[in-house]
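K.L.:
What follows is each chain in one-letter form.
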Amino acid sequence: MTASLIIQVAIGGLLMGLIYALVAAGLSLIFGLMNIVNFAHGELLMVAMYAALLLHDHLHVGLLLQLPIVAALLFGVGVAIYRGLISRALGVRFNSGMVQIFITFGLSIFLVGLAQFMFGSDFRTLNDGAISTATVAWGQIVLPVSQIAAGGVCLLAFAALALISRTEFGRALEATREDRDAVALIGIDRDHIFSLGWGIGAATVGIAGVMLASFYYIAPSVGTSFAVIAYITVALGGFGSLLGALVAGLVVGLVEALTALFIDPSLKEIGIFALYVLVLMVRPRGLFGRQ
Amino acid sequence: MTIETPAVGRRTVLGAAVGAAALTSGPALAAAPPDILVGAVYPLSGNAAPIGNDARVALETAAAIINGHHDVPMLLGQGGGLPALGGAKIKLIFADSQNSPQIAQSEAERLITQDKVVAIIGSYTSATAVTISQICNRYEVPYISAENSAPSLSEQGLTWFFRPSPTDIAYQASTPSLAVEAARLRAANADVLMPSSYTNDAILLVRSMHNVGYTPKAIMAQDAGFIDPAFIAAVGPLAEGVMSRSSYASDAEKTRPAIPKVNALYKSGTKGKDLDDLSAREFTALQVLADAINRAGSTKNTALQAALKTTDIPGNQTIMPWKGIKFDATGQNILGNPVIQQYQHGAWHTIFPADVATADAIWTVGT
Amino acid sequence: MTGAAAHTIETRRRTQLLVGAGLLVGLIILPVLIPSPYWRGLMVLVLLYAGLSQGWNVLGGYCGQISLGHALYFGLGAYTSTLLFTRLGIPPTIGLFAGGALGGAAALLVGWPCFRLSGHYYAIATLVFGLIGLLLVENWDWVGAAEGITIPFRQQSWIDLQFRIAVLPFDYAMLAYAALAWLVAWLVEGSRWGFYWRAVKDDSIASRSLGVRVFPSKMAAAAISGAITGVGGALYAQYIGFIDPPSTFGLSLSVLIALPAVVGGVGTLWGPLLGAAVLIPVQQISIAKLGGAAGGVDLMIYGGLILVLALVRPQGLISLFGIRGAAGDAVVENG
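Protein chains in written order, with full-length UniProt numbering: chain G, 1 to 291; chain A, 1 to 367; chain V, 1 to 335.
The hints are simulated quantities; they were obtained by calculation from the structure and are not laboratory data.
Predicted model, so just to flag it, every value in this text is computed and none were measured.
Just to be clear, a hint being listed does not mean it is correct.
Taking lysine-lysine and the DSBU-like style, the derived pairs with C-alpha atoms no more than 35 Å apart in a straight line are [to be verified]:
(1) A:Lys309 - A:Lys217
(2) A:Lys254 - A:Lys89
(3) A:Lys309 - V:Lys289
(4) V:Lys289 - A:Lys323
(5) A:Lys254 - A:Lys273
(6) A:Lys91 - A:Lys116
(7) V:Lys289 - A:Lys261
(8) A:Lys91 - A:Lys217
(9) V:Lys289 - A:Lys273
(10) A:Lys116 - V:Lys289
(11) V:Lys289 - A:Lys300
(12) A:Lys267 - V:Lys289
(13) A:Lys217 - V:Lys289
(14) A:Lys271 - V:Lys289
Some chain V residues near chain G, calculated using beta-carbon distances under 7 Å [as the list claims (entries may be wrong)]:
(15) Ile29
(16) Arg116
(17) Leu117
(18) His120
(19) Ser157
(20) Ile159
(21) Val255
(22) Val266
(23) Ala277
(24) Leu299
(25) Tyr302
(26) Ile306
(27) Leu311
Chain V is nowhere near these chain A residues, computed Cβ spacing over 12 Å in every case [to be verified]:
(28) Gly77
(29) Gly79
(30) Ala104
(31) Asp115
(32) Arg138
(33) Gly157
(34) Leu158
(35) Ala218
(36) Met220
(37) Gly236
(38) Thr255
(39) Ser298
(40) Asn301
C-beta: ideal position from N, C-alpha, C; glycine also.
With these hints in hand, go ahead and build the complete structure from the sequences.
P.N.:
If you want it as structure tokens, here you go:
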């Protein structure tokens, strides 16, 4: 096993980790705001990937333009899900935790069915010519341009999220998170903040979806495996923590890659799971969660 | 479940229309033989649904040729239904297994007991093939395993199980990333890679290998995902030089004259896909079944079983490059020899065995 | 608790037992009245999921711990009894107890680290433990790895739970299973444990001050819940005749085990049965009617139904009959 192989695998893992991190960031944001786990999160990723594919195939929209369009579209989807479903679930006075879980579960099954109904079940790919297959070599280390670009965009998206948290809206977000009921007294419309939170959370996944679509296959059930990793990432980093999502995403990507390299590719998730169980024992609310 | 009007209803309408004309044209039309119902269980939703939906078109193509008038140079290719049953037509009833062994089982049970199908064709994955074949054995209804290739299936001692295709293995669970696998392969610098996986993993593997700059001297795939047209569509030129075991040779039209017409019909049904290894095997499965029903001269299960056991179709009467179709005691075709194909200059070419080969092997992968 | 209130509860419990007995008689007769194997097969599934979900309900409903990893106990039960049968020739009627024991033990092992977690952290942790089980079995050659295990048909036998046409005998096997799961829930609901669980669910801090030992009482609920699920897994394996990792350890199964209780009414005696009687037929019939024709519509109906029911009937379908969850009133105050 050469050093260059280890570096190659580690960088590849970190790049994938950035995508995991961004998918997890949207989930974490929504959770932190209103204590809801969105079990249809993987399906939002799938919707974003199909949106990118349709824009590319039918309107010949390039990657750079896909990003804002899909982000805006997913923002709308997020707001719609909040207005149509979640706000009602929050009003439920009985079993509200369970209702939230199973509403989003129902939504995820529904969206998979809808995607299959609309686009069929074929594996689709977005062949963006140069970007999809280009690579950069650095000695023995060869990396795909598409994944480097995806990693870069994910970092930018994190920077944007960090900026948002410093704006007035961000402070309102933070205040709402601190005390859901008290904010109403100081004139913050809780419902408005929540729906914006869902919009931003979904738009974040939208960006991850566009970047993923540039090098990954697209199918109705593509979201499931990413969603599972996102749940683990969020639980690892701590629900509601942006920094936690970023760090945990990178760690998950790295551990997954190194487990596959040193133990066995078919057991790579075991590395993530073992890490998760370990953290669970020491810090039940994740690395950056409030204990 | 079919969305067509039930066969009985359609015949009633036909009968009424014919009734008026009967005075002049005689009684011949009144005795149209009943449709022969054949069940087909495939994953029509979920991860494996692309395969299932192609299988549906392949089977419908075979039924259209047997029932209609397409005049294809193969066994039963003259059309007009099954001659020994007075021109009876094959009618397919599809069911969705969702790739779940439990759903496959209950759907097979429903097809047998509610729809009274005379036989079932299925089902792509071995997990579903196991439960369907068990149910078929219990209800004594023939099960034609069209494309599943797990050897264990024909070792269960099932007397109602028939499999026209050769056996091999193909399974790998789907995962988000195969980059490390590719990097490990590069480090090992293996000359020949023999992957065996479903379409999504095949796409990821070949792309990842390219991404890490790994080019084996040869990729010798075990069909499955590698011969799926979606794989070629996804990886494009990266597939150049990939070799795969296959049951089907699209370029064997010289010795298998039925191929061009069958492929054209299939292509129009799938909006542009060519027949591949799986769809060709599914097509052939219905041909084998229809031939057995025709020779049995009835749809009675024991007669059908006996007819299947005495199946003997020469290879040139099919679209497959096999020597022919003839079942041993376990229901396994003993004349089904696979070929090896290579993706060269944007198309699959047969490179082995010599009698059906159309190209020489090229020993580099990728462009 | 006043004497009069205790008396009312006793009367209510006795009525429930009577209703249960009446329903049992009805369900014994029902399969004889439906001659079609397909509908009998549907009844097998409804009763299986009623029992499984009742098991889930003990932990998720009465104790309030939302588990998304019950497939782990199901899979352990299925693999244990199957391996005992295929490798050692031990009949599944004995093997299912071993499967149940292992399911219960696994639930204790998962509970030990997870019960310190609250809310969604607990749900995600159980989900991960379920996936760990899936991954290990998928990579373990000795138990068939990804290929799974086919249970060969030997002979018609109640001891081996093998039947040439399995639907009618399994209607009764699953009925016995669902009835026993119901009876266990009935017993624990009225026991000291049931009281503890409701206290833990409503407010675990307050209950601690009342002298309820929270952790042991959660562990007890987990063990009972895991054991019932494990037995269900063993019965399923014998009914289907084939097990593989995704169909016995998969995440979607974990959800399917929880759903009937959620849809029917969590923390109620009748919720899981009612939920299974609605959900399973909708799922299976939409597959049968639509699965072969219009891709995806069956999933849309199934997902949409779960979504709408959770939204408009959060207290479960059972509330249509005027029955509320065991801890309903207290949760209202928390919400």
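K.L.:
Next step is simple, just say for each hint if it's right about the structure.
P.N.:
A quick look at each hint next to the structure:
1. Taken as a hint, the Lys309 of chain A and Lys217 of chain A pair is broken in the structure, with Cα atoms around 43 Å apart against an allowance of 35 Å.
2. For the hint linking Lys254 of chain A to Lys89 of chain A, the alpha-carbon distance of about 30 Å falls within 35 Å, and the restraint holds.
3. A threshold of 35 Å between alpha carbons decides the hint, and for Lys309 of chain A with Lys289 of chain V the separation of about 34 Å falls inside it, so the pair holds.
4. For the proposed pair Lys289 of chain V and Lys323 of chain A, the alpha carbon gap of about 40 Å is over 35 Å, so the pair is violated.
5. For the given pair, Lys254 of chain A sits about 21 Å from Lys273 of chain A by alpha-carbon distance, which is consistent with the 35 Å threshold.
6. With a C-alpha separation of about 12 Å, the suggested pair Lys91 of chain A and Lys116 of chain A falls inside the 35 Å cut-off, and the hint holds.
7. A C-alpha spacing of about 33 Å is found between Lys289 of chain V and Lys261 of chain A, which places the hinted pair at or below 35 Å, so the restraint holds.
8. Between the alpha carbons of Lys91 of chain A and Lys217 of chain A the distance comes to roughly 47 Å, so the proposed pair goes past 35 Å and is violated.
9. Proximity of Lys289 of chain V to Lys273 of chain A is assessed by CA-CA distance (about 28 Å); at most 35 Å being required, the pair is judged to hold.
10. Distance hint between Lys116 of chain A and Lys289 of chain V is fulfilled; the C-alpha atoms sit about 16 Å from each other, no more than 35 Å.
11. Using a Cα cut-off of 35 Å, the hinted pair Lys289 of chain V and Lys300 of chain A holds, with the two alpha carbons roughly 27 Å apart.
12. Only pairs whose Cα atoms come within 35 Å are accepted, and Lys267 of chain A paired with Lys289 of chain V is accepted, the gap being roughly 27 Å.
13. Restraint check: the Cα-Cα separation between Lys217 of chain A and Lys289 of chain V comes to about 50 Å, which exceeds 35 Å; the hinted pair is violated.
14. Straight-line distance between C-alpha atoms of Lys271 of chain A and Lys289 of chain V comes to about 25 Å, which keeps the hinted pair within the 35 Å bound.
15. For Ile29 of chain V, the shortest C-beta to C-beta distance to chain G is roughly 34 Å, which exceeds 7 Å, and the interface hint is violated.
16. Here the hint on Arg116 of chain V is kept, as its CB sits about 5 Å from the closest CB of chain G, short of 7 Å.
17. Hint status for Leu117 of chain V relative to chain G: holds, with the closest Cβ pair at about 5 Å, below 7 Å.
18. Taking 7 Å as the C-beta contact cut-off toward chain G, the hint placing His120 of chain V at the interface holds, the least distance being around 5 Å.
19. At about 38 Å, the closest approach between the beta carbon of Ser157 of chain V and any beta carbon in chain G exceeds 7 Å, and the interface hint on this residue is violated.
20. Because the smallest distance between the Cβ of Ile159 of chain V and any Cβ of chain G comes to about 38 Å, over 7 Å, the interface hint for this residue is violated.
21. Hint on Val255 of chain V holds. Least Cβ distance to chain G is approximately 6 Å, under the 7 Å limit.
22. The interface hint given for Val266 of chain V holds, since its Cβ lies 6 Å from the closest Cβ of chain G, which is under the 7 Å cut-off.
23. The closest approach between the C-beta of Ala277 of chain V and any C-beta of chain G is roughly 18 Å, which is over the 7 Å cut-off, so the hint fails.
24. Interface hint at Leu299 of chain V: satisfied, since its Cβ lies 3 Å from the closest Cβ of chain G, which is below the 7 Å cut-off.
25. Taken as an interface hint, Tyr302 of chain V checks out: its beta carbon lies about 6 Å from the nearest beta carbon of chain G, inside 7 Å.
26. A distance limit of 7 Å between C-beta atoms decides the matter here; for Ile306 of chain V the minimum to chain G is near 3 Å, and the interface restraint holds.
27. Interface restraint check: Leu311 of chain V against chain G, minimum CB-CB distance 6 Å, threshold 7 Å, status holds.
28. Interface exclusion of Gly77 of chain A from chain V stands, the closest Cβ pair being 27 Å apart, more than 12 Å.
29. Non-interface status of Gly79 of chain A relative to chain V is upheld: no Cβ of that chain comes within 12 Å, the nearest being about 25 Å off.
30. With a least CB separation of 9 Å from chain V, Ala104 of chain A falls inside the 12 Å interface cut-off, contrary to its annotation.
31. A cut-off of 12 Å between C-beta atoms contradicts the statement that Asp115 of chain A is not in contact with chain V; the least separation is 10 Å.
32. Arg138 of chain A, annotated as away from the interface, has a beta carbon of chain V within 12 Å; the closest lies near 5 Å.
33. A beta-carbon of chain V comes within 12 Å of the beta-carbon of Gly157 of chain A; the shortest separation is about 8 Å.
34. With a least CB separation of 9 Å from chain V, Leu158 of chain A falls inside the 12 Å interface cut-off, contrary to its annotation.
35. Every CB of chain V lies more than 12 Å from the CB of Ala218 of chain A, the least distance being 26 Å, so the non-interface label holds.
36. The claim that Met220 of chain A is not at the interface with chain V holds, since no C-beta of that chain comes within 12 Å of its own (minimum 21 Å).
37. For Gly236 of chain A, the condition that its CB be more than 12 Å from all CB atoms of chain V holds, with the nearest at approximately 26 Å.
38. Look at Thr255 of chain A: its CB is around 36 Å from the nearest CB on chain V, clear of 12 Å, so calling it non-interface holds up.
39. The Cβ of Ser298 of chain A lies farther than 12 Å from every Cβ of chain V, with a closest approach of about 24 Å, so its non-interface assignment holds.
40. The beta carbon of Asn301 of chain A sits about 15 Å from the closest Cβ of chain V, which is more than 12 Å, so the claim that it is off the interface holds.
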